[in-house]
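**Q** Below, each chain spelled out in residue letters.
Protein chains: 2
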Amino acid sequence: MAEELKLFRTWSSLFALRIVWALKIKGVEYETIFEDLSNKSPSLLQYNPVHKKVPVLVHNGKPIAESFVILEYIDETWKETPLLPEDPYERAMARFWAKFGDDKVLTSIVWGVFLKEGKEQEEAMVEAMEHLQFLEDELKGKRFFGGERIGIFEEVAGLKMVDEDKFPLLVAWMQEFADSPIIKDNWPPRDKMIAKFQALRDAKLAAAAAASK
Amino acid sequence: MAEELKLFRTWSSLFALRIVWALKIKGVEYETIFEDLSNKSPSLLQYNPVHKKVPVLVHNGKPIAESFVILEYIDETWKETPLLPEDPYERAMARFWAKFGDDKVLTSIVWGVFLKEGKEQEEAMVEAMEHLQFLEDELKGKRFFGGERIGIFEEVAGLKMVDEDKFPLLVAWMQEFADSPIIKDNWPPRDKMIAKFQALRDAKLAAAAAASK
Chain A
1 MAEELKLFRT
11 WSSLFALRIV
21 WALKIKGVEY
31 ETIFEDLSNK
41 SPSLLQYNPV
51 HKKVPVLVHN
61 GKPIAESFVI
71 LEYIDETWKE
81 TPLLPEDPYE
91 RAMARFWAKF
101 GDDKVLTSIV
111 WGVFLKEGKE
121 QEEAMVEAME
131 HLQFLEDELK
141 GKRFFGGERI
151 GIFEEVAGLK
161 MVDEDKFPLL
171 VAWMQEFADS
181 PIIKDNWPPR
191 DKMIAKFQAL
201 RDAKLAAAAA
211 ASK
Chain B
1 MAEELKLFRT
11 WSSLFALRIV
21 WALKIKGVEY
31 ETIFEDLSNK
41 SPSLLQYNPV
51 HKKVPVLVHN
61 GKPIAESFVI
71 LEYIDETWKE
81 TPLLPEDPYE
91 RAMARFWAKF
101 GDDKVLTSIV
111 WGVFLKEGKE
121 QEEAMVEAME
131 HLQFLEDELK
141 GKRFFGGERI
151 GIFEEVAGLK
161 MVDEDKFPLL
171 VAWMQEFADS
181 PIIKDNWPPR
191 DKMIAKFQAL
201 RDAKLAAAAA
211 ASK
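Residue numbers (our numbering), protein chains in the order written: chain A, 1 to 213; chain B, 1 to 213.
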């Protein structure tokens, strides 16, 4: 049977972009289905009835959801150019920090700093800085998987979080990550991303202001 | 070098109990350190500076936190009696449902149904039932890892969620899980668990009532 591999994504989802990068790193051919989340396709709902979200990878008819679960599946199915380290302890550390990034860093930055303002934003900022400090402390020549371009959030929210003086290793790692060819070639246009996230932030703040009246 | 394996836990943490069960299934010897979370040991803070929580497993001096990360480490280090299935797709499904259990089922049941009352509890109940239905639909002769004794929450909150008529497969699976010798021999006493969670619920509801005055 010929391999059939389909990726359901949106053009801007960072979780879906991770899967694009992983498949490119592995050199695996796949078909892309772009979803409109305001009008989800019957296929997406069928393949991911639990979360109804992208990314979903469908391999020979069998669907997998949740971006880190998909990454591990890709790593175990196409073994060349491993994404996770070989050693069990190093693998555990990679999984720990990936989970920390998804559960804590992204949450405090996106939901706290990026989508709030005023006092709430300041409080979220303290938390976000603490999370970034943990990453900085851990980054000693290690390669993380799943970095996200925090710079876009910074630009839209009009503030600076990842300062080179404060987090030199993190800044260097983000730069190296952004400069690697596979990541560079598979990023949506920066101005399109900025416009999208600006609209998201404006809508969220307007909704919060309306709710507090 | 002789193997040194230490588990930091509390007597009641369900996430730590999963690790106890996993180590018993593997037949691995380990030392237990019981933590008092109101007075955490310097070792716990040193080994898990990010989350400052149990469980933490320390293998030959190297710490691992986050219960599912620990489970995978155990599975990859002591390979006999595998916890996760061999096949990559089946492994992905096990990881997906474990994540669903931790992120969605436990959250809606513990934070929603168990620690709320009145209208908020009713709304959480709708969500919890939807989550349980997904598990029921998936449970077709499969073995899940990480089941928690929902019965204790039900008894304390004074309501019935996992009804045999509604969720026959889930009830059967929970019973089979609870009856297996390793689980049975490694559960804290039921009356002690009930007392602990009753106190937790009472304190939470009193705090919520005070905050809304």
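Keep in mind that the hints are not guaranteed to be accurate.
[Claimed, not checked] Where chain A lies over chain B, by a calculated footprint (3+ residues, C-beta under 8 Å):
1. 11-25
2. 61-67
[Unchecked claim] Below, in silico cross-link-like pairs of lysine to aspartate or glutamate (DMTMM-like), each with a Cα-Cα straight-line distance of 25 Å or less:
3. K99/A / E130/A
4. K62/A / E86/B
5. K52/A / E122/B
6. K62/A / D103/B
7. K62/B / D102/A
8. K104/B / E154/A
9. K26/A / D103/B
10. K99/A / D103/B
11. K24/A / D87/B
[As the list claims (entries may be wrong)] Partner residues are not named here, just some residues of chain A that face chain B (Cβ under 8 Å, in silico):
12. Y47
13. K62
14. E66
15. P82
16. L83
17. L84
18. R91
Hints were generated in silico from the structure; no laboratory data involved.
Since the structure is predicted, the reported quantities are computational estimates derived from the model, not experimental observations.
We treat Cβ as the ideally placed atom computed from N, Cα and C, and that holds for glycine.
**Q** Evaluate each hint against the coordinates.
**A** To see whether the hints hold, each was checked on the structure:
1. 11-25: violated (count 0)
2. 61-67: It holds, with 4 qualifying residues against the three required.
3. K99/A / E130/A: 16 Å, holds
4. K62/A / E86/B: 17 Å, holds
5. K52/A / E122/B: 24 Å, holds
6. K62/A / D103/B: Satisfied, since the Cα-Cα distance of roughly 23 Å is no more than 25 Å.
7. K62/B / D102/A: This hinted pair holds, its Cα atoms lying about 23 Å apart.
8. K104/B / E154/A: Measuring from Cα to Cα gives roughly 30 Å; hence the hint is violated.
9. K26/A / D103/B: 29 Å, violated
10. K99/A / D103/B: Between K99/A and D103/B the Cα gap is close to 12 Å, so the pair holds against 25 Å.
11. K24/A / D87/B: 23 Å, holds
12. Y47: With a closest approach of 12 Å, the Y47/A hint is violated.
13. K62: 6 Å, holds
14. E66: Since the shortest Cβ distance to chain B is 6 Å, the answer is holds.
15. P82: This hint is violated: P82/A lies away from chain B, its Cβ roughly 14 Å from the closest one there, beyond 8 Å.
16. L83: Nearest chain B Cβ about 13 Å off; hint violated.
17. L84: Violated, because the Cβ-Cβ distance from L84/A to chain B comes to roughly 10 Å (cut-off 8 Å).
18. R91: Given a least distance of 7 Å, the restraint on R91/A holds.
The structure is inconsistent with the numbered hints 1, 8, 9, 12, 15, 16 and 17, although it conforms to all the rest.
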